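Asker: Here's the letter readout for the chains.
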Amino acid sequence: MTPERPTIKKLYALSNEGHKFAFSLPLKNVIRVNGRDYTVELCEDEKYGVHILWKNRRYPVEIVRTKQNRYEILFNDISHMFTVETPVSMQRKKVLRTGKGKSQALVVRAPMPGKIIDVLVREGTAVMKGEALVILEAMKMQNEIQSDVTGTVTRIGVKAGQNVMKDDILAEITVK
Amino acid sequence: MDINGKYFRSFIEREEALKKQYSAERIRKQHSKGKLTAHERIALLFDEGTFEEIDAYVTPSDQGVEFGKVELAFGDGVVTGHGKIDGRLVFAFAQDFTIMGGSLGIVHARKIAKVQEMALKMGAPFIGINDSGGARIQEGIASLNGYAVIFNNIIQSSGIIPQISVVMGPAAGGAVYAPALTDWVFMTSHTSYMFVTGPNVVREVLNEEVTSEDLGGAEVHARRSGVANMIYDDEENTIIAVRKFLSYLPSNNLENPPVADFTGDTPDFNPKLRDIVPDDPNKPYDVRDVITQIVDRNSFFETSELFAGNIITGFGRFEGRTIGVVANQPKVLAGVLDIDSSTKGARFIRFCDAFNIPILTLEDVPGFLPGKDQEHSGIIRHGAKLLFAYAEATVPRITVILRKAYGGAYIVMNSKGMGGDFNFAWPSAEIAVMGPDGAVAILYRRELTEAKDPAALKKELVKKYREKVANPFIADEKGYIDEVIDPAQTRAKLLSAFSALGNKSVKVPSRKHGNMPL
Amino acid sequence: MTKITRILIANRGEIAVRIMRTAHSMGIECVAVRTHVEPDAMYLSFADIIHEEEDEMAEIPVFLDVEKLISIALKTKCDALHPGYGFLAENAYFAEKCRDNGIIFIGPSPDAIYKMGNKPVARQIALRHKIPMAMGTHGSVANEDEAIHQAARIGYPVIIKAASGGGGRGMRIVRLESEMEKMFILASREAEKAFNDPSVFIEKYIENPKHIEFQILGDIHGNIIHLGERECSIQRKHQKLLEEAPSPALDEELRARMGETAVRIARAVGYYSAGTVEFLLDSDRNFYFMEMNTRIQVEHPVTEMITGIDLIEQQILIASGGKLTIRQEDVRLKGWAIECRINAEDVQAGFAPAPGRIERISFPDEPAVRVDTGVRAGSSIVASYDSMIAKLIVTGKDRHDAIIKTKLALDKVWIKGTKTTLPFFRMLMRNPLFQAGTFTTAFIEKDLEKFHTNSEYEETIAAWLATKLFVEENLSERKTGISFDQGRELTPWLLRKRLTQF
Numbered sequence: 190m191t192p193e194r195p196t197i198k199k200l201y202a203l204s205n206e207g208h209k210f211a212f213s214l215p216l217k218n219v220i221r222v223n224g225r226d227y228t229v230e231l232c233e234d235e236k237y238g239v240h241i242l243w244k245n246r247r248y249p250v251e252i253v254r255t256k257q258n259r260y261e262i263l264f265n266d267i268s269h270m271f272t273v274e275t276p277v278s279m280q281r282k283k284v285l286r287t288g289k290g291k292s293q294a295l296v297v298r299a300p301m302p303g304k305i306i307d308v309l310v311r312e313g314t315a316v317m318k319g320e321a322l323v324i325l326e327a328m329k330m331q332n333e334i335q336s337d338v339t340g341t342v343t344r345i346g347v348k349a350g351q352n353v354m355k356d357d358i359l360a361e362i363t364v365k
Numbered sequence: 002m003d004i005n006g007k008y009f010r011s012f013i014e015r016e017e018a019l020k021k022q023y024s025a026e027r028i029r030k031q032h033s034k035g036k037l038t039a040h041e042r043i044a045l046l047f048d049e050g051t052f053e054e055i056d057a058y059v060t061p062s063d064q065g066v067e068f069g070k071v072e073l074a075f076g077d078g079v080v081t082g083h084g085k086i087d088g089r090l091v092f093a094f095a096q097d098f099t100i101m102g103g104s105l106g107i108v109h110a111r112k113i114a115k116v117q118e119m120a121l122k123m124g125a126p127f128i129g130i131n132d133s134g135g136a137r138i139q140e141g142i143a144s145l146n147g148y149a150v151i152f153n154n155i156i157q158s159s160g161i162i163p164q165i166s167v168v169m170g171p172a173a174g175g176a177v178y179a180p181a182l183t184d185w186v187f188m189t190s191h192t193s194y195m196f197v198t199g200p201n202v203v204r205e206v207l208n209e210e211v212t213s214e215d216l217g218g219a220e221v222h223a224r225r226s227g228v229a230n231m232i233y234d235d236e237e238n239t240i241i242a243v244r245k246f247l248s249y250l251p252s253n254n255l256e257n258p259p260v261a262d263f264t265g266d267t268p269d270f271n272p273k274l275r276d277i278v279p280d281d282p283n284k285p286y287d288v289r290d291v292i293t294q295i296v297d298r299n300s301f302f303e304t305s306e307l308f309a310g311n312i313i314t315g316f317g318r319f320e321g322r323t324i325g326v327v328a329n330q331p332k333v334l335a336g337v338l339d340i341d342s343s344t345k346g347a348r349f350i351r352f353c354d355a356f357n358i359p360i361l362t363l364e365d366v367p368g369f370l371p372g373k374d375q376e377h378s379g380i381i382r383h384g385a386k387l388l389f390a391y392a393e394a395t396v397p398r399i400t401v402i403l404r405k406a407y408g409g410a411y412i413v414m415n416s417k418g419m420g421g422d423f424n425f426a427w428p429s430a431e432i433a434v435m436g437p438d439g440a441v442a443i444l445y446r447r448e449l450t451e452a453k454d455p456a457a458l459k460k461e462l463v464k465k466y467r468e469k470v471a472n473p474f475i476a477d478e479k480g481y482i483d484e485v486i487d488p489a490q491t492r493a494k495l496l497s498a499f500s501a502l503g504n505k506s507v508k509v510p511s512r513k514h515g516n517m518p519l
Numbered sequence: 007m008t009k010i011t012r013i014l015i016a017n018r019g020e021i022a023v024r025i026m027r028t029a030h031s032m033g034i035e036c037v038a039v040r041t042h043v044e045p046d047a048m049y050l051s052f053a054d055i056i057h058e059e060e061d062e063m064a065e066i067p068v069f070l071d072v073e074k075l076i077s078i079a080l081k082t083k084c085d086a087l088h089p090g091y092g093f094l095a096e097n098a099y100f101a102e103k104c105r106d107n108g109i110i111f112i113g114p115s116p117d118a119i120y121k122m123g124n125k126p127v128a129r130q131i132a133l134r135h136k137i138p139m140a141m142g143t144h145g146s147v148a149n150e151d152e153a154i155h156q157a158a159r160i161g162y163p164v165i166i167k168a169a170s171g172g173g174g175r176g177m178r179i180v181r182l183e184s185e186m187e188k189m190f191i192l193a194s195r196e197a198e199k200a201f202n203d204p205s206v207f208i209e210k211y212i213e214n215p216k217h218i219e220f221q222i223l224g225d226i227h228g229n230i231i232h233l234g235e236r237e238c239s240i241q242r243k244h245q246k247l248l249e250e251a252p253s254p255a256l257d258e259e260l261r262a263r264m265g266e267t268a269v270r271i272a273r274a275v276g277y278y279s280a281g282t283v284e285f286l287l288d289s290d291r292n293f294y295f296m297e298m299n300t301r302i303q304v305e306h307p308v309t310e311m312i313t314g315i316d317l318i319e320q321q322i323l324i325a326s327g328g329k330l331t332i333r334q335e336d337v338r339l340k341g342w343a344i345e346c347r348i349n350a351e352d353v354q355a356g357f358a359p360a361p362g363r364i365e366r367i368s369f370p371d372e373p374a375v376r377v378d379t380g381v382r383a384g385s386s387i388v389a390s391y392d393s394m395i396a397k398l399i400v401t402g403k404d405r406h407d408a409i410i411k412t413k414l415a416l417d418k419v420w421i422k423g424t425k426t427t428l429p430f431f432r433m434l435m436r437n438p439l440f441q442a443g444t445f446t447t448a449f450i451e452k453d454l455e456k457f458h459t460n461s462e463y464e465e466t467i468a469a470w471l472a473t474k475l476f477v478e479e480n481l482s483e484r485k486t487g488i489s490f491d492q493g494r495e496l497t498p499w500l501l502r503k504r505l506t507q508f
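So the protein lines, in turn, are chains A, B and C. The numbering used here applies: residue 190 is where the first sequence begins, and numbers increase by one. The numbering used here applies: residue 2 is where the second sequence begins, and numbers increase by one. The numbering used here applies: residue 7 is where the third sequence begins, and numbers increase by one.
Only chain A is shown next, with the shape it has when bound in the complex (with noise of 0.2 Å):
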């Protein structure tokens, strides 16, 4: 038997704050906003690099990271950060999250010993994976301690000065 591939029809972008946007393929440079279609273009010259052509205006972007399908954009000096997501993943999410739903606490603890330079979030920041959440000074290094995950900060274990053991706890995060 020689399996088919199936084709790809719709992809969708979700945005990290939850929004999300569809895209039919193939993919056609417009954008529709508010009933109305505008023509889109990413261009690149040589006197303002990569920019996107928006209603006659210019807009400065950059591909920050792209990861897997997970997209990070700077578009017009902010930061957007997606998963773009095909018919089946996001099947396989919507799958995947009915039986969990309910929220998790991720505990962050010192990778090694050393002292707290700096808490840089308090209880009840809402931070991002990656997102720095002490800085750590071992071997002479200033180490960020970033979070693995997304959610809120929901307890904070040391201060700035302290001096901390391996597994201390740093901080705990909950994930929605």
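Keep in mind the hints are simulated off the structure, nothing from the lab. Small disclaimer: the values here were computed from a predicted structure and weren't measured. Be careful, since some hints might not be right.
Said to hold, decoys possible - In silico DMTMM-like pairs for lysine to aspartate or glutamate, Cα to Cα no more than 20 Å straight-line: (1) B:Lys284 to A:Glu320; (2) C:Lys452 to C:Glu462; (3) B:Lys460 to C:Glu60; (4) B:Lys464 to B:Asp422; (5) B:Lys122 to C:Asp491; (6) A:Lys304 to B:Asp374; (7) B:Lys245 to C:Glu73; (8) B:Lys85 to B:Asp262.
Stated by the list, open to error - Looking from chain B toward chain A, a few residues come up when the C-beta cut is under 7 Å (computed): (9) Ile43; (10) Ala44; (11) Asp48; (12) Thr212; (13) Asp215; (14) Tyr233; (15) Ala385.
Unchecked claim - Here are the computed distance ranges between Cβ atoms for each label pair: (16) A:Arg286 to B:Val202: 50 to 56 Å; (17) B:Glu451 to C:His30: 51 to 57 Å; (18) C:His135 to B:Lys284: 43 to 49 Å; (19) B:Glu49 to C:Asp453: 53 to 59 Å; (20) A:Thr228 to B:Glu209: 46 to 52 Å; (21) B:Glu451 to C:Gly328: 26 to 32 Å; (22) A:Arg311 to B:Glu478: 49 to 55 Å; (23) A:Thr343 to B:Ile138: 34 to 40 Å; (24) B:Glu49 to A:Arg311: 25 to 31 Å.
For each residue, glycine too, the CB sits at the ideal point set by N, CA and C.
Could you slot chains B and C onto chain A? The hints should help.
Answerer: Structure of chains B and C alone, referenced to chain A:
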């Protein structure tokens, strides 16, 4: 032949029966778990329409069955065959969870062994997609023997053809060693698990409650155990990544890696590189920023990203040619070498060496991680692996010292004496037996205790030490560094160095194998 | 009058450029210092003579090294030195050293710098001259017990400030007596770390005030005038982000009163050169003297734009002994000016510094827009200095007009290579509270939920781009070609090795 004749009709009937077997109900069941079916996975993995299935009609025999019943389904719960990925021949199997939970019976095992042996004969890469409940209890020892044959095949092919495992469902018990023995393990988050003993046994034996996900989910293996090299959020992304990953690798150990089209959009002279490493030796930075500025644009594929983040490994391209990159990561634990980072680096280097992939080392390492925890867990034994792997590798090896290169860690990271072919240093490099503070404290202990203003004296001595010892120019003058280079020129220098080393051929002493400290 | 012919610019960045521009227009030569941190910096191309600073291992940056700067000035035969802002601009010892070595320090007298720099001393002087001030201690507070006692006398909330401080460091607001002991120790420790002086004093904390400052000009002959006020309430953690002149909170009467007070303080210390008197203005239009900055301010251009007076030129004229030719009644405030500090900071990450290399930079070229910058394409914003990229100063006929013009100008600024504070200003110009002018120093912390606007179409475009990238990377047919044949072509040399190896 008469297509309405008897023979042809039974051919058609069989085909229809096979199609019927993979009914909508089975597919729906698999989809309801957020998973794709074996055929869907195969379709995504291979170039459109190139996959040829082998043994689609085999059925399990009653013979081996000692207890219970087996479903007499076509294929016995595994899809095997060959096809093209980016136009190149690749052999693969995909276990089908919808048939007897993908359990491995003797026919199932024979099918896998058959394609494994074919891949080895053809010198073609091999990919296994795992989604199986484990050994088929009904078939008893025959199924265990099946695993043994599969494991043996993997080991015999190791270092000859690249073998990749994709875990997209459960892999429990002895079955975990099939992925573990291959070169690379890909996993899909939330729907794949690997463990030697499952949560039930853990509960019975240790009285410990643990979920499958926490015991052996993709996250756990990617972050903590290091079993999974690459993990992805969903199956499509996993398979897309496998295809992309394969494009860096040769088909076998006699070939060089494939060459990608190079569009020339990466500047050889890049002043951005001058800004990445901070002057302050205590400030961290992301060494990935250096890597991505050096290799062809968008060509860096990081491996084992979540495990031992203090060392970065991955593949990149130089004008289309694959190289392996090993880099200390100052952003994580100051880039220190510890047990996990040593084994991660060593395994990566050995893979590169087996498959003729040149190695680039970017060095900024303060030393080995001190402490009881590391010493008692055997940092000596594990650190030795990294040394062994480097010195043993006969592929071209180039090192660029970006900043710190102190003590034992300097030696390990492909130093000149370890057989580095070209060793470059940036002007920001600090090369010495130890950091300035430590060195001064040892050499001038008495002077410092007797001094009126010890802090001032120490400052003075540290300054002198940096000038006299801990800089790349001394190493350059003594020949331990081939050249001190402007960071902006790094890519240009590496291009010409790798090109000069293209024909590197080292005579290896004849031996069965070395004895790496495992 | 002594004629100044050559000035050492003891500073870098935009202020170095700014000073050299005026100096050149006055026919004065300028010496700049090249540091290894930014060897290609823009300010160097404006200098007539560049001094090469060779000591890379120096413990302190050259712009903070008194002895070294003096020796550079002497070696390059400068008859004057301009300290700019920051670094040694408000260091009395430095000013004195210049004088001792026969170099004119373009700024006030060492005595005035000292008096205004030491907060308890400044308070006492102000008190003697009946300058309105928030209630506070008469000098430094010795210990926790005294702090608790004094705070009780003043009444909570109070603020603890570093005696030698400035710029917000070492400040602690205390609302409860139970917190006093802890906060006092923290503040004192922070002050010691930041300014090498642990002494602190306590003042009544004014809730939600406006930050209003007056520009002062004085000569050595005792003439002192003020050039109106600047509104600096848009600040975050005591760092100013946007300034404007005049302030929407002042009318002629209040301006005259505050201006007269500012001149009185300056006179009390025999002030000359340009200086700034900072006040807090509460909601009942009571104002309190906060401190005096004895240097040229970052935000000086807004005053220049509405008065038409070149403050650097005035500083140089005064330093060379000239008499102020402008009388108070000649000062006319015309129009409205807004300055946006475009910094390399990540607004979405709470204004975290975002150092990097500026790849492209351009600004609108219009009469209403003035840009003071020290960077150009290829320049790096380095972590060792401040994160300023440029100051965008826009002038309008009134506040409304200035806001509209700023909004348009912001859209024409093109910076690539690093994140900037532009999104913050774009949001600010559209904020009703900012437009109304009734904001206080608590505006950013209290009244804003987000530091940037997120218009829907911008997010849609970004989503479209992400999707486009996904399609190109994963779904499109024409991917980078992979040639397996090339990998199979081996030279005989390699072939022999591969075949005999196994």
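Asker: Provide an ascending list of the numbers of those earlier hints which the structure does not satisfy.
Answerer: Violated: hints 2, 4, 7, 11, 12, 13, 15, 16, 20, 21, 23, 24.
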